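Peer 1: Make the full structure from the sequences, and use the hints.
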Amino acid sequence: MSDDQENRVVISTGQRIAIGDAWWELRDNSTKVDYVDVISEARQFNGVIHLSLGGSVQDANNLGVVSVTNRIRMNLVVAQSLHSLLGQMITDALKPADKSQAN
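Residue numbers are given in our numbering: position 63 of the sequence shown equals residue 63, and the series is strictly consecutive.
Simulated from the structure, these hints should not be mistaken for lab results. Nothing here was measured: the structure is a model prediction, and the numbers come from that model.
Computed beta-carbon distance windows for the label pairs: (1) Gly14 - Gly64: 34 to 44 angstroms; (2) Asn70 - Ala93: 16 to 26 angstroms; (3) Asp59 - Gly20: 44 to 54 angstroms.
We treat Cβ as the ideally placed atom computed from N, Cα and C, and that holds for glycine.
Peer 2: Structure follows, in structure tokens:
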């Protein structure tokens with residue numbers, strides 16, 4: 001069966017996300033999760049952010065390799081939201097643990 005004729009199963013998560021004043025359904029097509037530790041592309045052109053990420057692999061005496069795992073293209077609005085979200089997540093991660101609440 002060719003790729004064009006292949007049926008793909010898309011699983012509904014039952015969750016929804018606000019897009020403007022409408023609520024859109026979230027779907028999961030079982031995309032694999034990749035761990036990344038290298039930014040291999042970061043540029044913008046005509047209001048579109050181009051971001052590519054990769055995972056590094058080095059074993060024994062072989063030269064290291066970066067395997068590109070994600071190529072992301074986004075408009076500036078999404079890039080600004082991602083910037084804000086990542087900034088807040090990093091700030092939260094770097095906060096010292098509150099030991100006054102320890103048992």
